[in-house]
Amino acid sequence: MITKEEVQHIAKLARLELSEKEIENMQKDLSAILDYFRLLEKANTRIYADNNADLRGNEKRGKKNELRGDEAVGKPASLANNLVQAAPDKKDGYVKVKAIL
Amino acid sequence: MDLLDLTIKELHDGFKKKQFTSVQVTKAYLEQIKKTDGKIGAYLAITEKLALEQAEAADKIISSGKDFSLLCGVPCSIKDAILVEGEKATAGSKILENYVAPYDATVIVRLKKQGAVILGKNNLDEFAMGVSTENSAYKVTKNPHDLTRVAGGSSGGSAAAVAAKEAAYSIGSDTGGSIRLPASFCGVVGLNPTYGAVSRYGLISMASSLDQIGPMAKTVEDARIIFEAISGKDPFDATSVDYKLEAKSYKLEGLRIGVPKEYFAKGIDPKVEKIIKDAIKKAKDAGAKIIPISLPMTQYAIACYYIIVPSEVSSNLARFDGIKYGHSNQSGNNLLDVYLKSRGEGFGREPKRRILIGTYALSSGYYDAYYKKAQEVKKLIGQDFVKAFKKVDVIFSPVSPIPAFKIGEKKDDPLAMYLMDVYTCPVKLAGVPALSLPAGKIGDLPVGLQIIGNHFEESKILSIAAEMEKLF
Chain A
1 MITKEEVQHI AKLARLELSE KEIENMQKDL SAILDYFRLL EKANTRIYAD NNADLRGNEK
61 RGKKNELRGD EAVGKPASLA NNLVQAAPDK KDGYVKVKAI L
Chain B
102 MDLLDLTIKE LHDGFKKKQF TSVQVTKAYL EQIKKTDGKI GAYLAITEKL ALEQAEAADK
162 IISSGKDFSL LCGVPCSIKD AILVEGEKAT AGSKILENYV APYDATVIVR LKKQGAVILG
222 KNNLDEFAMG VSTENSAYKV TKNPHDLTRV AGGSSGGSAA AVAAKEAAYS IGSDTGGSIR
282 LPASFCGVVG LNPTYGAVSR YGLISMASSL DQIGPMAKTV EDARIIFEAI SGKDPFDATS
342 VDYKLEAKSY KLEGLRIGVP KEYFAKGIDP KVEKIIKDAI KKAKDAGAKI IPISLPMTQY
402 AIACYYIIVP SEVSSNLARF DGIKYGHSNQ SGNNLLDVYL KSRGEGFGRE PKRRILIGTY
462 ALSSGYYDAY YKKAQEVKKL IGQDFVKAFK KVDVIFSPVS PIPAFKIGEK KDDPLAMYLM
522 DVYTCPVKLA GVPALSLPAG KIGDLPVGLQ IIGNHFEESK ILSIAAEMEK LF
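Protein chains in written order, with the working numbering: chain A, 1 to 101; chain B, 102 to 573.
Worth double-checking, as some hints may not be accurate.
To be verified - Residues from chain B that keep clear of chain A, each with C-beta distances beyond 12 Å, as calculated:
#1 Asp-106
#2 Lys-119
#3 Phe-121
#4 Glu-154
#5 Lys-442
#6 Tyr-461
#7 Lys-492
#8 Glu-510
#9 Gly-544
#10 Ala-567
Unchecked claim - Simulated pairs of lysine to aspartate or glutamate, EDC-like, Cα-Cα distance not exceeding 20 Å:
#11 Lys-28/A / Asp-513/B
#12 Lys-442/B / Glu-20/A
#13 Lys-28/A / Glu-510/B
#14 Lys-21/A / Asp-514/B
#15 Lys-334/B / Asp-205/B
#16 Lys-21/A / Glu-446/B
#17 Lys-266/B / Glu-132/B
#18 Lys-96/A / Asp-438/B
#19 Lys-195/B / Glu-22/A
#20 Lys-473/B / Asp-89/A
#21 Lys-96/A / Asp-422/B
#22 Lys-425/B / Asp-89/A
#23 Lys-128/B / Glu-154/B
#24 Lys-98/A / Glu-451/B
#25 Lys-266/B / Asp-205/B
#26 Lys-195/B / Glu-17/A
#27 Lys-334/B / Asp-70/A
#28 Lys-98/A / Glu-157/B
#29 Lys-128/B / Glu-157/B
#30 Lys-12/A / Asp-422/B
#31 Lys-512/B / Glu-22/A
#32 Lys-189/B / Asp-89/A
#33 Lys-511/B / Glu-22/A
#34 Lys-442/B / Glu-17/A
#35 Lys-214/B / Glu-154/B
#36 Lys-42/A / Asp-438/B
#37 Lys-442/B / Glu-24/A
#38 Lys-512/B / Glu-24/A
#39 Lys-195/B / Asp-89/A
#40 Lys-21/A / Asp-513/B
It should be emphasised that the hints constitute simulated quantities derived from the structure, not laboratory data.
Every residue gets a Cβ at the ideal spot worked out from N, C-alpha and C, and that includes glycine.
Can you make the complete structure from the sequences, with help from the hints?
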């Protein structure tokens with residue numbers, strides 16, 4: 001069983017405030033789920049461990065991912081305004097945050 | 102003639118022949134939503150003003166006498182994780198309760214270009230995390246075939262809207278089965294395209310290595326029309342590729358259909374098994390060759406999937422910080438407090454669960470045992486399909502081991518919920534396309550046949566699905 005302290009530690013890493021009740025629930029849920037993951041220990045993946053194969057992407061699709069050119073893309077000026085307007089706290093067209101230091 | 106029963110082509114022909122207008126059809130759908138959605142709960146928002154404006158614009162195009170596209174004037178609904186400019190996009194979460202989309206998703210841009218009419222935004226599990234739409238922070242979507250049962254998830258609102266004739270079609274998204282499972286439960290057609298076939302720009306991300314947008318429709322023909330409209334390369338999604346749906350059609354005669362033995366093992370409801378076996382028999386009678394195959398890595402798929410997804414969730418959902426958009430609690434003294442409180446209040450139980458699992462799996466000392474191992478197993482699962490498609494053209498299987506379950510039945514058992522993805526998530530881990538086709542019913546409850554194809558073989562899947570559709 002995953003401990004209460006472990007849940008608190010992960011929650012802090014994830015920037016998530018949890019109530020006492022939530023921590024208790026997560027202890028139970030996470031333990032059951034992490035136990036289930038142990039099934040993967042049986043899967044023989046030595047082939048990848050040995051040849052250090054590239055595990056990223058879906059290259060088996062037979063098509064390559066293509067990045068677009070590194071250039072500015074024209075967007076209406078209203079978009080910037082829309083994006084700033086979505087911020088809960090803003091001032092003079094800027095997003096406002098609390099002091100960090 | 103009931104306008105709500107017409108397919109996309111039938112609507113198109115009706116517009117052409119001036120039998121009815123888009124405004125009339127749109128009003129009929131809005132009326133139906135008002136009449137029935139109180140019971141079903143497929144919609145989080147009805148965009149009536151937008152819909153009527155779009156319908157009027159479509160009618161202008163139609164009456165101009167020029168050619169117009171098949172989707173022009175046809176009313177649809179959109180899963181609420183996909184952005185429609187100027188409308189709310191909640192992703193089913195309280196953290197985005199008042200979030201208004203600042204731009205259109207690429208699929209919406211493409212639909213609008215075709216003259217589509219958007220009726221509203223559909224309910225979903227919070228951030229598309231779930232198999233029943235019970236995880237929505239707003240409401241539970243009921244199954245139109247039995248209101249005591251779930252609609253499936255996470256695109257449950259979309260599936261229920263199409264099934265209840267509250268939209269001619271809908272756009273959903275599929276990460277582990279979120280289009281196919283609700284399509285199966287509600288008796289509609291749902292296509293999960295190949296990874297990369299449709300741009301995800303403007304879809305609120307859950308697990309980026311798996312997320313795909315796809316159509317949910319009344320018929321296979323409708324699904325094909327929608328897929329053609331939304332697929333293809335988009336500079337704003339680097340995983341999207343140049344892709345044109347092959348025009349060739351395929352017949353059941355001589356087709357090699359693989360049937361994976363692992364998908365008929367323990368856990369499947371015998372009544373579901375019978376419907377799927379009957380469907381396979383029908384294909385055989387029509388001249389298809391049935392070939393038993395094995396996908397031996399199936400047993401690891403759920404564990405693999407539920408490591409990869411939460412890991413990506415923990416990263417993707419870091420953007421909800423109480424600063425840029427969405428719910429914010431500014432009561433604390435410093436920036437950290439804003440993060441902790443905004444996220445603690447804004448996220449529901451399942452996103453929190455996944456954020457924690459993902460953070461755990463990616464944290465120092467655990468990465469190799471979880472995330473790396475899961476990526477390796479993902480490759481093995483992909484290999485299963487590569488091998489299978491050397492011997493067969495398509496694979497037939499159930500979509501779900503059971504039909505729609507009772508609301509509340511699995512609510513407090515996350516693992517039982519996760520296991521519902523057993524036949525749908527391996528497809529995602531392999532990145533291949535698959536479709537859910539209504540194949541029969543157990544009492545009132547629809548059961549979907551899953552037709553899986555090789556990468557970018559949507560045309561084959563859709564052709565075969567259309568052939569099968571005639572046999573049911």
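Hints the structure fails to honour: 5, 6, 20, 24, 25, 28, 36
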